[in-house]
Amino acid sequence: MARGKRGSLRRLGGYMAKDRRLAIIAVVVMVLGSMALAFAPKLAGNLIDMLTEYVTGGYAHLDDGFLTLIAVIAGLYVFGYCATMVSNRNMIIVSRNATQRMRRNLHNKLNRVPIRFLDTHPSGDISSRLTNDLTTVESLLESDLLTLIVQVLLIVLILIMMFIVNPALAIIYIVLMPVSFLMIRYITRKTKKGFKLQQSTVGELNGFMGDVLNNHTLVKAYGMEDVSEERFSEINGRFHRAYVRSKFASGFIMPLTLIINNIGYICVSIFGAYMIIEGTLTLGGFTAFLLYGQMLSGPLQSASSNMNQVQSGMAAVERLFEILDEDEEPDESGLPGLDVSKVEGGVAFRDVTFGYVPERTLFRDVSFDVEPGSVVAIVGPSGAGKTTVINLLMRFYEIYGGTISVDGADTRGINRDALRKAFGMVLQDSWVFEGTIADNIAYGRMGATREEIVEAARTVGCDSIIDVLPDGYDTYISEENSQLSVGEMQLLILARAVLADPRILILDEATSNMDTRTEALVTKAMERMMEGRTTFIIAHRLFTIRNADKIIFMKDGDIKEVGSHDQLMELDGLYADMYRSMSSP
Amino acid sequence: MRRFLKDYVVPYWKQILVLLVFVVLQVYLQLQVLSETHAILNGGVANQDMGFIKDAGVRMILMTLVYGLSIVLVSYLSAYLSASVTCDVRRDLFKRIMTFSQKDFSRFGGSTLMTRLTADTTRIQIFMLNALRNALLVPIVIVALVIAAAMINLTLCAVLVVAFVVTISMMVVKSRQSMPMFNEVQEELDTLNTLVKEKAEGARTIRAFGRQQYEIERFNDLNEEFRKDSTRAALKICYLTPIALMVMNLAVLLIYYLGSVELQERLITISDMILFFQYVTYFISCLAIVPFIVTTLPKTVVSTARLEEVIYYDPTVVNDPKGVSPSADCDEAIVFEDVSYGYAGAAKDAVSDVDITIRKGTTTAIIGATGSGKSTLVQMVPRLFDPTGGRVLFGGVDVRDMDIGELRSRIAYASQRTMVLEDTVYANVAMGADVPREDVEAACRLTMFSEVLERMPDGLDTVMARGGMNVSGGQKQRLSLARTICRDADVYVFDDCFSALDAKTERTVRENIRERLAGKTVIMVAQKISTIRDADSIVVMDKGRVVQQGTHEELLETCEIYREIHATQSYAGGGE
Chain A
415 MARGKRGSLR RLGGYMAKDR RLAIIAVVVM VLGSMALAFA PKLAGNLIDM
465 LTEYVTGGYA HLDDGFLTLI AVIAGLYVFG YCATMVSNRN MIIVSRNATQ
515 RMRRNLHNKL NRVPIRFLDT HPSGDISSRL TNDLTTVESL LESDLLTLIV
565 QVLLIVLILI MMFIVNPALA IIYIVLMPVS FLMIRYITRK TKKGFKLQQS
615 TVGELNGFMG DVLNNHTLVK AYGMEDVSEE RFSEINGRFH RAYVRSKFAS
665 GFIMPLTLII NNIGYICVSI FGAYMIIEGT LTLGGFTAFL LYGQMLSGPL
715 QSASSNMNQV QSGMAAVERL FEILDEDEEP DESGLPGLDV SKVEGGVAFR
765 DVTFGYVPER TLFRDVSFDV EPGSVVAIVG PSGAGKTTVI NLLMRFYEIY
815 GGTISVDGAD TRGINRDALR KAFGMVLQDS WVFEGTIADN IAYGRMGATR
865 EEIVEAARTV GCDSIIDVLP DGYDTYISEE NSQLSVGEMQ LLILARAVLA
915 DPRILILDEA TSNMDTRTEA LVTKAMERMM EGRTTFIIAH RLFTIRNADK
965 IIFMKDGDIK EVGSHDQLME LDGLYADMYR SMSSP
Chain R
2 MRRFLKDYVV PYWKQILVLL VFVVLQVYLQ LQVLSETHAI LNGGVANQDM
52 GFIKDAGVRM ILMTLVYGLS IVLVSYLSAY LSASVTCDVR RDLFKRIMTF
102 SQKDFSRFGG STLMTRLTAD TTRIQIFMLN ALRNALLVPI VIVALVIAAA
152 MINLTLCAVL VVAFVVTISM MVVKSRQSMP MFNEVQEELD TLNTLVKEKA
202 EGARTIRAFG RQQYEIERFN DLNEEFRKDS TRAALKICYL TPIALMVMNL
252 AVLLIYYLGS VELQERLITI SDMILFFQYV TYFISCLAIV PFIVTTLPKT
302 VVSTARLEEV IYYDPTVVND PKGVSPSADC DEAIVFEDVS YGYAGAAKDA
352 VSDVDITIRK GTTTAIIGAT GSGKSTLVQM VPRLFDPTGG RVLFGGVDVR
402 DMDIGELRSR IAYASQRTMV LEDTVYANVA MGADVPREDV EAACRLTMFS
452 EVLERMPDGL DTVMARGGMN VSGGQKQRLS LARTICRDAD VYVFDDCFSA
502 LDAKTERTVR ENIRERLAGK TVIMVAQKIS TIRDADSIVV MDKGRVVQQG
552 THEELLETCE IYREIHATQS YAGGGE
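Residue numbers (my numbering), protein chains in the order written: chain A, 415 to 999; chain R, 2 to 577.
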């Protein structure tokens with residue numbers, strides 16, 4: 415894999431490969447257009463010379479070429495600006511297409527990376543990377559990169575033209591240009607500290623505001639509004655100062671370049687005037703020079719900030735490629751599938767060794783068998799890593815050693831997607847997506863009819879909840895804005911699982927955020943679903959635990975004890991301890 | 002928009018005026034420098050007067066220095082103004098949000114309020130900075146150039162005016178057309194990003210159902226739509242600047258052509274024409290800001306509207322003290338009198354016709370299912386909500402007639418959602434009050450947070466992570482309880498805040514709290530009967546109404562719903 419800036423640039427080029435023609439035309443046209451625009455002032459100078467002759471000749475004879483020359487210059491301008499338009503247009507198309515491809519690939523990537531990646535990268539980070547970095551890349555491709563090239567090209571072309579018109583006057587700019595460039599560099603460097611301070615103050619301000627918003631009720635109930643406002647004003651004020659300071663410092667760039675530019679202009683005016691008197695410069699040459707001087711100021715002023723933009727654009731590109739270079743789950747399309755209808759639901763762990771990080775092994779040689787149709791309760795204090803077993807069953811994480819098998823077949827020999835279809839999973843953090851309630855239930859089985867959806871909802875007992883909503887099954891819900899409570903949401907997810915009708919169930923019994931009646935509904939629905947299915951349940955209720963066929967007791971990430979309730983009570987170990995403390999009044 | 006400008010921009014009219022003066026000065030000086038060249042050509046070169054040229058050079062340098070100085074001032078003032086305006090806006094936004102009731106708050110939602118406080122204010126700031134620093138120049142240069150040109154030659158000035166009108170009207174028309182397009186594109190981008198976040202969070206479910214391909218296709222459709230629309234919007238304005246520049250340059254050529262005729266009639270000189278040429282070049286250099294304005298203006302307008310929505314929102318709970326205080330000898334600590342509450346747009350009231358009297362010094366519990374309205378009800382005591390019907394009396398006085406600050410200072414409220422400030426443990430318990438450290442420690446001991454505290458590196462001075470991420474849910478609840486009992490109040494409200502504690506801890510903590518709050522009025526909202534069975538009085542609520550009120554034993558005998566709840570809990574972990 416190509417690394418570093420050059421590698422990134424080449425790969426970025428790959429994203430434009432399909433639009434290569436558009437991009438090449440854009441560059442070629444831009445170069446030609448710049449040349450036309452750089453040439454025009456020289457000809458405009460000639461125009462002035464013709465007019466001068468006309469005047470000194472007592473208005474007797476205006477050069478025949480006058481009108482032709484005007485037409486030629488007009489042609490140059492029209493060509494130059496049309497070229498700019500074509501190039502702008504092409505690059506807009508190229509950049510949008512390239513970012514679309516990149517966004518698509520990134521999204522595909524997110525569906526292919528191991529769950530580990532998503533577990534270790536907050537979703538907010540990922541989404542902001544895709545947002546901000548892609549926007550930066552879009553602007554890099556659309557204009558930043560090309561503008562930088564054009565600006566450098568224009569500076570060179572204008573200097574060449576200046577030498578052609580008058581080498582002596584050109585020296586003035588040759589001297590002034592590096593001075594101006596260095597000064598801009600100097601200021602930019604100086605402003606970095608101020609900018610950093612501004613950024614960190616913004617961070618502090620946002621952090622504080624977020625904290626207060628999150629704890630809104632608390633702040634109000636304890637009458638902390640004044641204290642909060644005071645602290646807010648203090649940070650807000652500091653931000654004001656940091657911002658003004660930072661912007662003021664960088665605000666020096668513009669006046670400085672303008673002053674330097676004006677100095678060049680003044681020098682040209684004065685020396686040019688001498689030269690005209692001496693007869694070494696024509697009025698036309700003088701005019702052309704003044705125009706070139708003014709033309710230079712644009713690129714000089716923005717080249718530096720443009721360079722920064724290109725730099726941050728390249729950094730964004732590299733960050734995005736970093737995601738694109740993440741390892742994917744290996745392709746298993748060649749592996750055999752699993753006929754879900756024939757799955758009986760026997761599960762076996764044989765000498766399973768696993769750890770989330772290689773340095774810390776959690777499971778070592780764990781073995782146990784689960785009969786088809788039996789219930790396994792996963793039990794342990796909070797933070798014991800009870801979801802690890804689920805992660806392994808579903809192959810969200812891969813084991814280091816040993817085997818996990820379903821109906822005697824090693825799960826690593828089965829196509830991952832097919833394997834997962836044998837399982838139905840209802841976890842505590844019920845995931846709903848933005849869409850209707852019907853859509854969300856139907857996620858369990860593609861193409862489920864409305865009747866089937868309603869039937870599934872009835873099975874888990876959430877039909878009555880849905881029926882009273884104004885739009886019924888067509889009510890829109892989303893993670894952030896839902897009219898349903900946590901318990902009701904979990905019922906929805908259960909209905910989703912009912913629709914999928916899996917042989918093996920994975921349930922999370924956590925009901926701490928539910929009221930008793932919803933909890934009773936959820937519990938009843940879960941019990942109904944468990945009938946005839948192999949079930950792994952993260953259990954909290956003594957009733958569930960006692961009645962499980964097998965109990966897996968976990969602590970500190972490891973499986974400590976496995977067995978039936980009676981076996982474990984006899985063992986008189988950690989489980990027995992916990993059971994006694996839970997059941998004692 | 003008008004009100005916003007009046008409130009936040011107009012107050013700075015003095016600074017804006019100063020800024021305007023310096024922008025005008027800047028333009029004047031630049032034009033003056035250009036016309037000095039004109040003078041050099043006319044006075045110096047024509048008369049071969051070296052002295053004149055030298056003097057002109059000196060004048061130009063002096064003017065350039067003042068010119069530079071005025072740009073520095075403009076850039077300072079624009080930074081100052083944009084920062085001041087946005088800081089004012091942010092401050093008022095924050096203040097307004099502080100007055101929001103629970104209802105107002107959930108109307109907007111925490112995340113959009115945060116976006117308004119951050120992204121929207123920043124957008125205004127950036128726009129203002131550039132508008133004041135660069136865009137303001139454009140109209141002033143236009144006016145100045147028209148005046149300067151008119152003083153030289155009217156025909157050529159007319160050409161210039163026509164060119165200005167053409168370019169400016171084209172820009173205005175096109176940017177107006179593209180504004181809604183840019184809004185749409187922005188919305189599509191937001192949707193794409195929400196989608197990415199949503200899918201990253203749901204990765205396990207998506208994979209469990211093997212829906213990757215389906216998700217990919219759905220995303221690609223949206224992505225394609227976004228590409229089309231964003232290309233269309235960008236193309237709409239990408240021609241603007243080149244066309245404007247072309248028009249201006251062609252106008253110059255027209256000036257040459259017409260000039261060649263006027264030259265003969267001695268209406269103009271060649272140096273005048275050179276000056277015209279330079280005027281136009283100067284104008285062109287000012288146009289560089291236009292694409293920025295065109296693309297950001299629509300977004301800024303939207304942001305401003307979003308800010309106005311919050312800043313000028315009338316909160317539903319207002320502090321309107323009537324100068325009354327609760328009487329000390331009133332035996333009824335809190336009375337709900339025919340209280341109802343309905344969420345806007347909801348068909349049914351969340352709380353209807355509730356009548357409860359809570360005697361001073363007693364413990365009253367409220368129990369019921371989710372949606373029974375119990376939490377909404379108790380939040381009306383510290384006026385996090387105001388009832389839509391009936392009234393709440395505090396010590397015999399309607400809570401709405403009291404000063405809201407005084408009211409809240411007499412209540413210690415522990416919310417259902419445990420909250421932890423990103424501050425020290427001490428600050429989290431003391432909550433801005435001047436409480437001795439020993440008292441804070443004692444409170445922590447009673448709620449068994451001291452167990453956690455012992456393991457913290459800096460004890461009471463340990464800073465809690467945002468949202469209390471460095472402790473577990475149960476530990477957060479212990480901290481929240483410590484905060485509540487540490488407060489010296491008349492009434493203590495516990496809104497279902499024992500749920501994350503294990504049975505043993507809960508029992509101990511509850512016992513400690515009962516001792517500590519002996520003789521105080523306590524309201525306890527709960528879902529578990531075990532939490533509240535010892536209460537002096539238990540109110541059972543269902544679907545927003547009071548079903549029955551009585552002691553545990555009474556209710557067990559007579560209240561069906563209470564029995565039902567009791568039955569479902571009798572075999573559950575942590576039960577009796």
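None of these hints come from the bench; they were simulated from the model. C-beta atoms are modelled at their ideal positions from N, C-alpha and C, and glycine is treated no differently. There's no promise every hint is true.
Claimed, not checked - Pairs of lysine-lysine, BS3-like flavour, derived with a Cα cap of 27 Å:
1. A:Lys974 - R:Lys544
2. R:Lys198 - A:Lys938
3. R:Lys544 - A:Lys523
As the list claims (entries may be wrong) - Per label pair, the in silico range of CB-to-CB distance:
4. R:Asn320 - A:Asp739: 39 to 49 Å
5. A:Leu596 - R:Leu66: 36 to 46 Å
6. R:Met152 - A:His475: 22 to 32 Å
7. A:Leu596 - R:Lys175: 34 to 44 Å
Status of the hints after comparison with the structure:
Simply put, lysine 974 of chain A and lysine 544 of chain R have alpha-carbon atoms about 45 Å apart, too far for the 27 Å limit, and the pair is violated. Of the pairs offered as hints, the one joining lysine 198 of chain R and lysine 938 of chain A is violated, with about 33 Å between alpha carbons and a cut-off of 27 Å exceeded. Between lysine 544 of chain R and lysine 523 of chain A, the direct Cα distance comes to roughly 47 Å. Violation of the 27 Å bound is thereby established for this hinted pair. Distance hint check for asparagine 320 of chain R and aspartate 739 of chain A: the Cβ-Cβ separation is about 57 Å, which falls outside the suggested range of 39 to 49 Å.
In this structure, leucine 596 of chain A and leucine 66 of chain R break the distance hint of 36 to 46 Å, their C-beta atoms being roughly 20 Å apart. The hinted window of 22 to 32 Å between methionine 152 of chain R and histidine 475 of chain A holds, with their beta carbons roughly 31 Å apart. Here the CB-CB span from leucine 596 of chain A to lysine 175 of chain R is close to 39 Å, well matched to the stated 34 to 44 Å.
Comparing the model with each numbered hint stated earlier shows that hints 1, 2, 3, 4, 5 do not hold.
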